[in-house]
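Peer 1: Here are the chains, one letter per residue:
2 protein chains.
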Amino acid sequence: MTTANQIDLLINHINYHIELSQYDIGKISEVIEFKELKKKDFLISPGDRSNTMNFIVQGCMRSFYLDENAQEHTLQLGIEEWWINDLYSYLSRKESRMYVQALEQTKLILLPRLKLEKLYFEVPEVSHFFRMKFQNAYVSMQERIINSMSDEAYERYTDFIKTYRDIEQRVPQYIIASYLGITPEFLSHLRKKNS
Amino acid sequence: MTTANQIDLLINHINYHIELSQYDIGKISEVIEFKELKKKDFLISPGDRSNTMNFIVQGCMRSFYLDENAQEHTLQLGIEEWWINDLYSYLSRKESRMYVQALEQTKLILLPRLKLEKLYFEVPEVSHFFRMKFQNAYVSMQERIINSMSDEAYERYTDFIKTYRDIEQRVPQYIIASYLGITPEFLSHLRKKNS
DNA sequence: GTTCTTTCTTAAGCTATCTTAAGAGTTTTT
DNA sequence: AAAAACTCTTAAGATAGCTTAAGAAAGAAC
Chain A
654 MTTANQIDLL INHINYHIEL SQYDIGKISE VIEFKELKKK DFLISPGDRS
704 NTMNFIVQGC MRSFYLDENA QEHTLQLGIE EWWINDLYSY LSRKESRMYV
754 QALEQTKLIL LPRLKLEKLY FEVPEVSHFF RMKFQNAYVS MQERIINSMS
804 DEAYERYTDF IKTYRDIEQR VPQYIIASYL GITPEFLSHL RKKNS
Chain B
654 MTTANQIDLL INHINYHIEL SQYDIGKISE VIEFKELKKK DFLISPGDRS
704 NTMNFIVQGC MRSFYLDENA QEHTLQLGIE EWWINDLYSY LSRKESRMYV
754 QALEQTKLIL LPRLKLEKLY FEVPEVSHFF RMKFQNAYVS MQERIINSMS
804 DEAYERYTDF IKTYRDIEQR VPQYIIASYL GITPEFLSHL RKKNS
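So the sequences go chain by chain: A and B. Okay, so the first sequence: first residue is 654 according to the working numbering, each after it adds one. Okay, so the second sequence: first residue is 654 according to the working numbering, each after it adds one.
Calculated directly from the structure, the hints in this document are not laboratory data. Fair warning: there could be bad hints in the mix.
It does not matter which identical chain is meant; a pair holds if it fits inside one copy or across any two.
Stated by the list, open to error - Here are the simulated BS3-like pairs of lysine-lysine, each with C-alpha atoms no more than 27 Å apart in a straight line:
1) K688 x K786
2) K815 x K747
3) K768 x K786
4) K680 x K760
Given these sequences and hints, build the entire structure.
Peer 2: Listed below in structure tokens is the structure:
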């Protein structure tokens with residue numbers, strides 16, 4: 654996959670939501686950086702500060718944190734054409750407490766904050782695009798709280814499969830369990846019981 | 654409490670975070686609307702669309718929704734100088750699935766979206782202020798997911814008391830239970846066991 | 001193709017939390 | 001001040017989900 658192809662993927666993705674001119678596309682292309690991660694590599698580790706918005710061109714990633722008992726809890730999963738980050742750190746500019754990790758060999762496009770904020774002025778559509786992204790992030794967080802409070806684990810699991818069919822195929826079950834907030838053993842149990 | 658006092662409270666609140674000129678203050682004052690709710694009145698009900706940002710001048714409010722079993726789940730609590738809303742509905746412009754309700758007699762200042770968006774251009778500081786508010790809302794949602802996944806109920810309860818000491822005093826326990834995601838009976842049990 | 005590592009399953013016993021139900025306190029309304 | 005409505009507590013029995021431990025299966029590395 655050439656870098657030109659990679660840029661096209663990002664541009665099409667943005668263009669799907671808003672209307673971009675040739676000028677806009679040129680401007681966006683100027684701020685792009687590339688990054689490639691091997692399976693299990695970390696994009697962000699606790700103590701880092703996130704200073705980029707990260708678009709998955711190819712591969713699969715997740716963000717998670719460790720609780721006091723060193724249990725992993727997965728907050729976000731993403732594949733091609735998803736954005737992945739510790740938005741807490743990116744927005745607040747504080748140190749992250751999370752890991753953002755590649756689950757497969759992964760190609761990313763990074764948009765550095767400083768250049769991106771300049772771009773907001775030159776191409777206001779991009780500003781709208783990211784405002785929408787932040788809103789959606791908020792809404793999906795709220796959705797998740799609502800689910801976790803009202804649904805039982807088996808229902809959360811079937812919801813997950815319905816919503817993320819393509820991700821479910823590529824991610825180990827123990828990570829799905831850690832996303833759903835249950836142990837892998839219990840997930841295995843649920844799958845058997847209700848199949 | 655005069656309306657001038659109420660406006661002052663809002664202006665001081667905003668001014669605490671950003672720097673406002675006399676001109677800015679005048680402009681903000683122009684978009685203000687007042688609303689007063691009796692205990693148990695609803696500001697928003699399922700099916701409504703939220704078109705205002707809502708600042709609590711005096712009183713106490715909460716947002717909650719009902720799950721399939723008609724169980725209440727509290728998402729947000731607020732007292733004086735807090736903002737309360739169904740941000741999902743406000744941001745996405747879709748119908749709310751939530752209730753936003755007064756827990757005491759409550760005085761509110763409402764900022765209608767259309768006027769507010771015009772104000773963003775006239776007073777960019779206000780735009781920054783609300784961007785910060787949205788960010789904080791996101792971060793506190795994430796915080797809440799992290800807590801609900803890693804902590805046991807008793808720990809979540811003591812965290813709640815520490816963080817919201819002033820709210821805890823004014824809100825019935827069954828609402829705190831529904832915020833923590835446990836039954837009121839179990840909260841009562843926890844309070845006894847660990848006191 | 002064998003070995004090592006990672007992931008998934010099974011099952012038994014345990015614990016946190018829920019359900020139901022009833023009664024005791026509190027507020028609010030009349 | 002009495003009645004009504006709301007809130008909190010207690011306790012017994014039920015259940016969802018966890019822990020531990022072991023082995024099976026699948027993938028990756030040599």
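Peer 1: Please work out whether the CA atoms of K815 and K747 approach to 27 Å or closer within one copy, between two copies, in both situations, or in neither?
Peer 2: between (35 Å within a copy, 23 Å between copies)
Peer 1: Indicate which option fits the pair K680, K760 if close means a Cα-Cα distance not exceeding 27 Å: within, between, both or neither.
Peer 2: Answer is within; shortest intra-copy Cα gap is 21 Å, inter-copy 48 Å.
Peer 1: Is it within, between, both, or neither for K688 and K786, if the alpha carbons may be no more than 27 Å apart?
Peer 2: within (21 Å within a copy, 32 Å between copies)
Peer 1: Indicate which option fits the pair K768, K786 if close means a Cα-Cα distance not exceeding 27 Å: within, between, both or neither.
Peer 2: both (18 Å within a copy, 23 Å between copies)
The structure is consistent with each of the numbered hints, conforming to all of them.
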